[in-house]
Amino acid sequence: MSDEDFQRSYRNTIGLFATGVTVVLAAKDGDVRGMTANAVASLSLDPTLLLFCPAKDARISSCCTVGSSFTVNILGTHQEGISNHFAGTDSEPEHAFVEWDEAGDAPRIADALACVGCKTQAIYDGGDHWIVVGEVVALYQDSDPGEPLLFHAGNYHRLASN
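Each residue of the sequence shown is one higher than the last, beginning at 1192 in my numbering.
It should be emphasised that the hints constitute simulated quantities derived from the structure, not laboratory data.
Take these hints with a grain of salt, some might be off.
With a Cα cut of at most 27 Å, we get these calculated DSS-like pairs of lysine-lysine [claimed, not checked]:
#, residue 1, residue 2
1, Lys1219, Lys1247
2, Lys1219, Lys1310
3, Lys1310, Lys1247
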């Protein structure tokens, strides 16, 4: 199997791992940059740490420096358009940013189910991606969070009804 075929097979295989959908936002000199991400994970409770993994050539990567802030916005089923926009497949998103002073320079997305504000603690090499570790400094939960937007096998999904 060629390297390219192996990478495609890996992508298809790991795509069977169902994840939630987030948009990570960072700001630099007043310019907000974002990316749709499912490579997000809780890392530690003490200290409270979270990680996300942007591609090295992603626009958001230039905003990721030790000490900078970022937010992880957990999307609901009503926010597929926002996910598509920050994944680069939709040019007209329907979203609004909310200033969130507790989280630093990075805003949060209005109507997200929940948001986690972080200060970048460390950045590690992860092949063609960076591993960005953030200390959690702020938390937001919508009073009526609704249903999470899920991603599995290359498509959006919703929770099954009981």
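Each hint tested on the structure:
1. Between the alpha carbons of Lys1219 and Lys1247 the distance comes to roughly 17 Å, so the proposed pair stays at or under 27 Å and holds.
2. For the given pair, Lys1219 sits about 13 Å from Lys1310 by alpha-carbon distance, which is consistent with the 27 Å threshold.
3. Distance restraint check for Lys1310 and Lys1247: the Cα-Cα separation of roughly 19 Å lies within the 27 Å cut-off, and the hinted pair is therefore satisfied.
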